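J.: Chain residues, written in single-letter form:
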Amino acid sequence: MSDTTSSDMRQLYQEVILDHNRKPRNWGSILGANRHAEGHNPLCGDHIKLSMNVLDDKIESIAFEGHGCAICKASASMMTGAVKGKSMQDAETMVEEFRGMATGTLDPDNQDNHLGKLKVFAGVKDLPSRVKCAILPWHTLHAALHPVLGPAEGSENSVSTEGAADPIPGAEIGGQ
Amino acid sequence: MNAAYPKRSLDVEKIRGDFPILKLQVNGKPLVYLDNAASSQMPQAVIDRIVRYQSEEHSNIHRAVHYLSELATKEFEEARVKVQKFINAKESREVIFTRGTTEAINLVMHGYGRAFIGRGDEIIISGLEHHANIVPWQMLAEEKGAVLRVIPMNDAGELLIDEFEALFNAKTKFLALTHVSNALGTINPVKQMVAFAHKHGVPVLLDGAQAAPHQVLDVQELDCDFYAFSGHKMCGPTGIGVLYGKAQMLEKMQPYQGGGDMILSVTFEKTTYNVIPAKFEAGTPPIMAAIALGAAIDYLQSIGMANIEAYEHELLAYATEQVSSMPGVRVIGTAKHKAAVMSFEIKGVHPHDVGTILNSEGIAIRTGHHCAQPVMQRFHVPATARASFAFYNTKSEIDKLVVGIRKVQEMFS
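Residue numbers (our numbering), protein chains in the order written: chain W, 1 to 176; chain F, 177 to 589.
Misleading hints may appear alongside valid ones.
What the hints assert, rightly or not - Taking CB as the label site, the calculated pair distances span: (1) F:Ala-540 - W:Lys-117: 31 to 37 angstroms; (2) F:Val-188 - W:Asp-126: 30 to 36 angstroms; (3) W:Asp-126 - F:Ala-240: 25 to 31 angstroms; (4) W:Leu-55 - F:Gln-433: 18 to 24 angstroms; (5) F:Glu-341 - W:Leu-31: 56 to 62 angstroms; (6) F:Pro-196 - W:Ser-7: 26 to 32 angstroms.
Hints were generated in silico from the structure; no laboratory data involved. Quick caveat, the model's predicted, so the values are computed rather than measured. Note that beta-carbon positions come from the ideal geometry of N, C-alpha and C, so glycine has one too.
Build out the structure end to end from the sequences listed, making use of the hints.
T.: Written as structure tokens, this is what we have:
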């Protein structure tokens with residue numbers, strides 16, 4: 001079991017996370033967005049709805065709404081800020097890096113990455129039951145970047161973290 | 177019978193000594209285990225019984241003539257008698273061992289529901305049910321073209337009895353009802369509700385998963401047709417549960433699973449099913465777990481279910497008073513009659529964050545929808561934090577919970 005103390009809690013619930021939880025950035029939905037995806041975490045009821053406009057391979061605008069715990073909301077809020085203006089490939093790289101950091105396969109202080117401020121979420125790797133809270137927005141972004149029906153229709157995608165901590169194919173299955 | 181045990185106050189310090197896990201340190205703090213509604217802890221007596229069974233008594237049952245098989249069979253069947261007495265069933269053959277409450281309910285859905293419920297028939301459940309007492313009936317309704325009717329509740333989490341009674345009509349064929357709500361702790365007036373259903377000729381299954389560990393049970397007095405509960409919520413191991421059924425109901429039901437032990441004779445043309453309870457216990461059962469459940473019942477009865485009930489009520493009253501007086505904290509589920517479950521929410525903080533921060537203080541609570549999403553929807557919350565108590569919890573542990581809640585509030589202020 002993970003060994004967490006009060007100071008570790010301050011490490012996890014840093015002011016920046018609490019601030020994004022209180023005042024999420026890019027909150028809402030984009031009218032006429034060409035990419036949508038929804039993410040659910042049935043275990044705790046987290047629910048994220050993401051909408052984006054992708055033009056010429058670039059994320060022009062992105063917004064989210066829904067409800068969730070502080071970790072999930074702050075992760076979504078900071079994610080939207082981090083990928084806005086990025087190319088799809090760069091956003092996808094960040095999805096991979098964030099997943100790696102949250103599941104402990106990427107050490108953000110010693111391995112190359114583009115996570116920047118998102119490193120505040122590194123602490124979740126010690127809390128297996130919370131990894132999926134942090135990752136959910138990123139899965140949702142991944143789903144929006146890879147629409148099942150094709151972007152022309154403005155497809156609805158849905159991703160769930162029931163059972164697997166990290167449900168992207170090839171990812172490790174997390175225990176409950 | 178339970179009532180025969182003398183009423184006395186509990187020596188909780190002595191009781192705590194019976195549970196090795198309660199000595200555990202979690203995150204450098206003494207474990208405060210308040211997740212008993214999910215699963216209770218196991219006393220040394222039950223652990224020892226498991227070790228003794230596996231070291232000295234194990235074999236398959238109901239089969240061979242050798243010493244170990246006869247011994248294991250005897251212990252297994254004695255455990256059935258212990259369960260019978262614990263719930264005051266008329267006969268031990270009315271006790272079916274299952275994998276847990278969920279399997280017990282599914283057994284009734286398959287064995288009774290599929291045989292006796294058809295197109296247009298109505299099944300009544302309540303808004304308080306655990307998913308285990310919703311989904312099987314939904315599956316049956318879908319398969320048969322039957323209709324699910326739901327008893328609504330008030331803002332305290334109490335079922336509306338007038339509305340319950342109004343649901344009955346000529347098409348009503350079954351009532352599946354929880355005895356005690358796992359999410360809110362509400363104790364339903366099941367005896368009165370069973371009597372009403374019977375007036376309309378409707379059989380009743382009670383989900384007793386949250387009741388069996390906490391109170392004196394008498395299925396004959398309740399007069400329910402079926403009663404389901406789990407071993408691991410009452411100091412026993414996982415993998416064992418009980419379905420009580422009135423003999424005349426079980427006898428007219430179809431088997432749930434086919435296999436060994438549930439037959440009298442098999443040819444390729446025809447199989448003759450065994451009598452109850454064997455008819456419903458296909459394959460090798462969880463022998464060790466059943467015997468350990470028997471030992472758990474012995475342990476609970478040495479304390480006395482009435483004593484446990486009274487003490488837990490005291491704990492719940494104390495916890496409710498302490499927590500509901502905190503600013504920014506709301507207790508969800510304020511029924512007049514409640515068992516040792518306290519769901520709550522802290523304003524502005526998601527239950528999952530509450531659970532993580534309390535865990536860092538060594539406090540184990542459950543956070544989430546408690547497999548009762550319709551209850552969450554009724555109270556317009558995605559999830560709650562839930563502290564649930566057992567007879568080995570103390571008021572000082574509740575004080576630690578209060579301190580922990582304050583820490584959560586400070587962090588999120």
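J.: For Ala-540 of chain F and Lys-117 of chain W, compare the CB-CB distance with the range 31 to 37 angstroms and indicate the outcome.
T.: Since Ala-540 of chain F and Lys-117 of chain W have Cβ atoms about 33 angstroms apart, the given range 31 to 37 angstroms holds.
J.: Is the gap between the beta carbons of Asp-126 of chain W and Ala-240 of chain F within 25 to 31 angstroms?
T.: With a Cβ separation near 50 angstroms, Asp-126 of chain W and Ala-240 of chain F fall outside 25 to 31 angstroms, so the hint is violated.
J.: Is 30 to 36 angstroms a correct range for the gap between the Cβ atoms of Val-188 of chain F and Asp-126 of chain W?
T.: 34 angstroms, holds
J.: Holds or violated: the 18 to 24 angstroms window for the beta-carbon distance between Leu-55 of chain W and Gln-433 of chain F?
T.: At 58 angstroms between Cβs, range violated.
J.: Starting from the range 56 to 62 angstroms, see whether the pair Glu-341 of chain F and Leu-31 of chain W falls in it by beta-carbon distance.
T.: 50 angstroms, violated
J.: Do the beta carbons of Pro-196 of chain F and Ser-7 of chain W sit within 26 to 32 angstroms of each other?
T.: Holds: the Cβ-Cβ distance is about 29 angstroms, inside 26 to 32 angstroms.
The earlier numbered hints that this structure contradicts are 3, 4, 5.
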